[in-house]
Amino acid sequence: MPRSGGGEEAEDADPTPARFVRVGLAFAGLVLVGLGAGATGVLVPYQLADYRISKVLLGLLFFAFSGGYVLSGLANGALIRWLGIRGQLVLGCAVYLVTAFGIGLHPPFPLLVLGSLVLGVGTGILDAGLNAYVATLPNHTSLLNYLHAFFGVGALLGPLLAAEIVDHRHLPWQDTYLVLGAVSAPLLIGFAVALGSPRRSSSCTSVSR
3 MPRSGGGEEA
13 EDADPTPARF
23 VRVGLAFAGL
33 VLVGLGAGAT
43 GVLVPYQLAD
53 YRISKVLLGL
63 LFFAFSGGYV
73 LSGLANGALI
83 RWLGIRGQLV
93 LGCAVYLVTA
103 FGIGLHPPFP
113 LLVLGSLVLG
123 VGTGILDAGL
133 NAYVATLPNH
143 TSLLNYLHAF
153 FGVGALLGPL
163 LAAEIVDHRH
173 LPWQDTYLVL
183 GAVSAPLLIG
193 FAVALGSPRR
203 SSSCTSVSR
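Position 29 of the sequence shown, counted from 1, bears residue number 31 in the working numbering, the numbering being contiguous throughout.
Read the hints as simulated data drawn from the structure, not as lab findings.
Think of the CB as a built atom: it goes at the ideal place given N, C-alpha and C, for glycine as much as any other residue.
Warning: the hint list may mix true and false statements.
[Said to hold, decoys possible] Distance windows between CB atoms, simulated: (1) I191 to A137: 34 to 42 Å; (2) L113 to V58: 16 to 24 Å; (3) G79 to G26: 39 to 47 Å; (4) F64 to V155: 16 to 24 Å; (5) P47 to L107: 32 to 40 Å.
[Said to hold, decoys possible] Derived DMTMM-like pairs: lysine to aspartate or glutamate, alpha-carbon spacing no greater than 25 Å straight-line: (6) K57 to D169; (7) K57 to D177; (8) K57 to E166.
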């Protein structure tokens with residue numbers, strides 16, 4: 003008798019409210035990714051003044067973040083096979099949370115570059131996991147379109163968030179990362195609790211004959 007594994011078959015058996023929660027978590031995850039991407043540009047003048055470095059040196063932050071994202075892309079397939087999609091999302095969100103709070107502690111510039119690299123890794127792991135998860139759902143083509151629209155929502159709100167913190171409230175630029183870390187905390191809990199077991203959330207369906 004067929005036994006449902008992860009993927010669409012498992013999602014079809016889920017109650018509709020549970021599915022809404024899971025899809026909502028995925029959308030919120032891409033909002034977080036967009037927030038981080040959108041906020042960085044606003045912070046550049048404040049980081050330049052804080053660390054008293056040239057724009058060339060500050061550019062290392064963007065290079066490191068992009069490099070981390072590329073590194074995550076090389077590992078994402080193996081991570082999903084090893085951890086399942088839930089495990090991938092928990093790992094990516096945990097890396098994001100820890101790194102964002104670490105940057106929020108205002109590290110020396112070399113450690114900030116390292117933090118940007120690790121943040122890029124976490125962002126890439128989270129992004130890939132969210133796409134892989136939504137791809138297992140019914141009507142996944144439409145949902146993937148909406149998923150990336152929510153990235154746009156985050157990218158739109160990111161500069162507003164950073165401007166509110168550094169311009170309107172006159173708080174240190176690193177407080178932006180404390181807010182991003184705080185936003186990622188409930189997502190981490192949601193991914194760990196609401197997505198079921200790692201094997202069930204795997205992108206590969208397993209049906210035994």
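Tested hints:
no.	hint	verdict
1	I191 to A137: 34 to 42 Å	23 Å, violated
2	L113 to V58: 16 to 24 Å	19 Å, holds
3	G79 to G26: 39 to 47 Å	26 Å, violated
4	F64 to V155: 16 to 24 Å	22 Å, holds
5	P47 to L107: 32 to 40 Å	21 Å, violated
6	K57 to D169	21 Å, holds
7	K57 to D177	21 Å, holds
8	K57 to E166	23 Å, holds
Of the numbered hints listed earlier, those contradicted by the structure are 1, 3 and 5.
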